[in-house]
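> In order, the protein sequence lines correspond to chains A and B. Numbering-wise (the working numbering), the first sequence opens with residue 4 and increments by one. Numbering-wise (the working numbering), the second sequence opens with residue 2 and increments by one.
Hint data in this document are derived by calculation from the structure and do not stem from the laboratory. Everything numeric in this text was worked out from a predicted model, so none of it was measured. Take these hints with a grain of salt, some might be off.
As the list claims (entries may be wrong) - Restraint ranges, calculated between C-beta atoms of paired labels, are given here: (1) A:D214 x B:I150: 42 to 48 Å; (2) A:R176 x B:T34: 49 to 55 Å; (3) A:D214 x B:A39: 30 to 36 Å.
What the hints assert, rightly or not - No more than 20 Å apart at the CA atoms, straight line, and that leaves these computed lysine-lysine pairs for PhoX-like: (4) B:K148 x A:K287; (5) B:K73 x B:K148; (6) B:K148 x A:K288; (7) B:K197 x B:K148; (8) A:K288 x A:K65; (9) A:K65 x A:K287.
Glycine is no exception: its CB is placed at the ideal position from the N, C-alpha and C atoms.
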Amino acid sequence: MALTETPAVPRRPATRPESARPRRKPRDGRVGYWLYLLPGAVLFLLVIGVPLGGTLYLSLTKWSGVGDPTFIGFDNYTRLFQDEVFWTSFKNTVAMIVAMVVVPTLLGLLLAAVLFDVIGRRFRPRTAAALRAAFYLPQVLPVVVAGIVWGWILRPDGAFNSLLDVIGLGALRHDWLGDPDTALPTVMAVMIWVQIGYPIVVFMAALQRVDPELYEAAEVDGANWWHRFRSITLPQIRPETFVVALTCTIAALKVFGPVFALTRGGPENATNVPSYFAYYTFFKKLQVGYGSAISTVLTLIIIVVAALFIWLQYRGERQNREV
Amino acid sequence: MAVTLVTDRAPRRKVGDRHHRGASRWIVLALVTLAALAMLVPFVFMLLNAFKSPGDYSSSGPLSWPSEFYTKGLTTYWTEVDFPLKFWNSLLISGSVAVLAVAVSLFNAYALGIGKVKGRLWIVGLFLLANMMPQEALIYPLYYAAKQIGLYNTQLSVIIIFTVVQSAFGTYLLASVLGTFPRSVLEAAALDGAGKWTVLRRVVFPNVRPTLAVLLIFFFIWTWNEFLIPLVMLIDNSTQTIPVALASLQGDRLMDAPTTNAGALISLVPAVLFFIIFQRTLSRGITAGAEK
Numbered sequence: 004m005a006l007t008e009t010p011a012v013p014r015r016p017a018t019r020p021e022s023a024r025p026r027r028k029p030r031d032g033r034v035g036y037w038l039y040l041l042p043g044a045v046l047f048l049l050v051i052g053v054p055l056g057g058t059l060y061l062s063l064t065k066w067s068g069v070g071d072p073t074f075i076g077f078d079n080y081t082r083l084f085q086d087e088v089f090w091t092s093f094k095n096t097v098a099m100i101v102a103m104v105v106v107p108t109l110l111g112l113l114l115a116a117v118l119f120d121v122i123g124r125r126f127r128p129r130t131a132a133a134l135r136a137a138f139y140l141p142q143v144l145p146v147v148v149a150g151i152v153w154g155w156i157l158r159p160d161g162a163f164n165s166l167l168d169v170i171g172l173g174a175l176r177h178d179w180l181g182d183p184d185t186a187l188p189t190v191m192a193v194m195i196w197v198q199i200g201y202p203i204v205v206f207m208a209a210l211q212r213v214d215p216e217l218y219e220a221a222e223v224d225g226a227n228w229w230h231r232f233r234s235i236t237l238p239q240i241r242p243e244t245f246v247v248a249l250t251c252t253i254a255a256l257k258v259f260g261p262v263f264a265l266t267r268g269g270p271e272n273a274t275n276v277p278s279y280f281a282y283y284t285f286f287k288k289l290q291v292g293y294g295s296a297i298s299t300v301l302t303l304i305i306i307v308v309a310a311l312f313i314w315l316q317y318r319g320e321r322q323n324r325e326v
Numbered sequence: 002m003a004v005t006l007v008t009d010r011a012p013r014r015k016v017g018d019r020h021h022r023g024a025s026r027w028i029v030l031a032l033v034t035l036a037a038l039a040m041l042v043p044f045v046f047m048l049l050n051a052f053k054s055p056g057d058y059s060s061s062g063p064l065s066w067p068s069e070f071y072t073k074g075l076t077t078y079w080t081e082v083d084f085p086l087k088f089w090n091s092l093l094i095s096g097s098v099a100v101l102a103v104a105v106s107l108f109n110a111y112a113l114g115i116g117k118v119k120g121r122l123w124i125v126g127l128f129l130l131a132n133m134m135p136q137e138a139l140i141y142p143l144y145y146a147a148k149q150i151g152l153y154n155t156q157l158s159v160i161i162i163f164t165v166v167q168s169a170f171g172t173y174l175l176a177s178v179l180g181t182f183p184r185s186v187l188e189a190a191a192l193d194g195a196g197k198w199t200v201l202r203r204v205v206f207p208n209v210r211p212t213l214a215v216l217l218i219f220f221f222i223w224t225w226n227e228f229l230i231p232l233v234m235l236i237d238n239s240t241q242t243i244p245v246a247l248a249s250l251q252g253d254r255l256m257d258a259p260t261t262n263a264g265a266l267i268s269l270v271p272a273v274l275f276f277i278i279f280q281r282t283l284s285r286g287i288t289a290g291a292e293k
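Sequences are here, hints too, so could you generate the full structure?
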């Protein structure tokens with residue numbers, strides 16, 4: 004289609020390859036393409052490369068943001084590994100991975116399969132689409148705004164406690180986000196609500212490319228829903244499961260907005276996470292060097308986790324091919 | 002949700018399978034619908050209290066039906082934060098980022114996917130890595146530099162930063178899309194004497210326009226919902242975005258429960274509208290992202 008739009012008159016007839024060797028590229032071949040990479044590369048260097056280098060350097064200094072940074076070597080890192088808040092924040096990250104990766108992926112697989120397979124086919128597809136939209140809605144909202152609404156719902160005088168009263172469970176009334184014992188599980192529950200729509204939508208789209216004949220054949224063979232789920236659905240949408248797990252894990256490691264809106268890392272650091280810890284250290288405690296050290300460690304962890312994921316997928320693919 | 006699983010478990014034997022499912026499918030539907038409705042409960046709470054007067058709220062609590070259709074919470078929030086201005090800031094930032102980031106992604110991907118420049122795998126890897134980077138690892142130097150060069154508290158600072166952050170993902174995605182672009186088409190265009198710019202504009206661009214549209218929408222919505230960088234960079238009433246404006250009023254005297262809900266409601270409406278408008282393109286796009 005697009006070919007018809009190419010100009011009939013050659014712009015640079017001199018470099019036009021002879022018909023005798025039509026597959027040869029013009030001489031300036033790849034060099035000219037670098038020009039197209041130039042704006043992106045300059046921007047990338049200025050906005051990501053240089054600041055990243057800056058953070059690395061600052062992590063070796065003591066600085067309040069005013070005057071000159073003092074070089075102190077690895078002192079920030081030794082302090083970091085002895086800092087209880089730091090360990091708490093990473094322990095909470097594991098909780099975030101459970102709430103943002105493990106639970107949504109498992110629930111998402113199940114709900115997507117049910118929506119696609121049972122509701123999409125035994126009822127109208129529109130029913131499945133409407134239900135999917137309800138699950139996906141939290142994903143399109145600014146997560147901070149959703150966090151503020153949840154923060155109000157979970158207040159001691161908020162809607163959740165009133166709801167408990169109404170259904171006769173008034174004895175369970177609680178300051179859900181204010182009690183160090185319940186704050187983390189409560190934040191986790193909110194994160195599941197935020198996250199669940201993403202895997203459902205991705206998995207439902209993935210299921211559309213699975214050959215329906217596979218299911219029909221399995222049904223004829225007498226395989227029940229659970230068998231089909233395990234031996235057709237799961238293996239067929241493995242690539243998408245992998246992408247969802249990777250992107251959600253990265254998101255869980257970086258989570259900031261919901262924690263900011265719900266608890267500001269409190270009470271007593273019960274819900275603190277590395278990114279909020281870094282933000283607080285930078286801008287509230289004005290310890291730029293220490294904040295940079297936290298950010299650097301977080302960056303390293305993310306790189307390691309991403310590399311691990313990609314290595315696992317590569318290995319999985321190779322094994323699949325060998326089988 | 003394990004319950005759904007059990008109820009749907011069909012009998013082992015083939016005989017009667019269809020009949021059994023006919024009954025149990027309604028139970029499955031009921032359970033999934035119940036779960037979907039539970040997802041919407043927070044929105045019901047919000048709506049119920051956004052139209053309630055503070056007095057009504059304190060006397061009959063968060064679950065009661067509003068005794069009157071009270072809209073002063075909405076108007077208070079609207080005028081106090083100058084919502085139209087916040088909307089314009091969000092629109093300006095997200096719109097500029099979407100367009101600029103798509104352009105930068107396309108140029109990068111043209112060099113990487115079609116130009117196949119040397120070391121392209123490493124370059125694409127670098128972009129992917131940049132996309133995963135926590136923003137905390139960049140924020141302080143960016144904040145400091147913005148202050149030095151006078152871009153602090155300007156929408157432009159946020160636009161530049163997110164153009165790069167979003168195009169890191171766009172480059173990664175588009176480079177693999179363009180990597181599979183049919184060589185024969187490119188060669189035919191080159192035979193006609195088309196230069197690189199003409200090929201990009203007349204051959205590549207029209208072909209990847211649907212993918213670019215999806216990226217445009219993604220970048221727009223992602224930037225719209227961003228929080229940390231706008232929170233740090235935009236401190237002024239005249240530059241803040243919608244989410245930052247609401248968050249910075251959290252705990253303020255003005256924000257009693259009904260006003261908080263009214264503010265949240267106003268802040269959510271644009272996002273929901275975009276979602277409805279773009280829904281078809283989006284559901285196509287999510288798969289495009291997942292397949293790469």
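> Now tell me if each hint is right for this structure.
Quick rundown of the hints versus the structure:
For the pair D214 of chain A and I150 of chain B, the beta carbons lie near 57 Å from each other, so the given range of 42 to 48 Å is not met. Taken as a hint, the range 49 to 55 Å is violated for the pair R176 of chain A and T34 of chain B, whose Cβ atoms sit roughly 29 Å apart. Hint check: D214 of chain A to A39 of chain B, Cβ distance near 34 Å, so the stated range 30 to 36 Å holds. For the given pair, K148 of chain B sits about 17 Å from K287 of chain A by alpha-carbon distance, which is consistent with the 20 Å threshold.
This hinted pair does not check out: K73 of chain B and K148 of chain B have alpha carbons roughly 39 Å apart, beyond 20 Å. The straight-line distance between the Cα atoms of K148 of chain B and K288 of chain A is roughly 19 Å, inside the 20 Å bound, and the hint therefore holds. A distance of roughly 39 Å separates the Cα atoms of K197 of chain B and K148 of chain B; the hinted pair therefore is violated under the 20 Å criterion. A threshold of 20 Å between alpha carbons decides the hint, and for K288 of chain A with K65 of chain A the separation of about 12 Å falls inside it, so the pair holds.
In summary, the hint linking K65 of chain A to K287 of chain A is supported, as the alpha carbons are separated by about 15 Å, within the 20 Å threshold.
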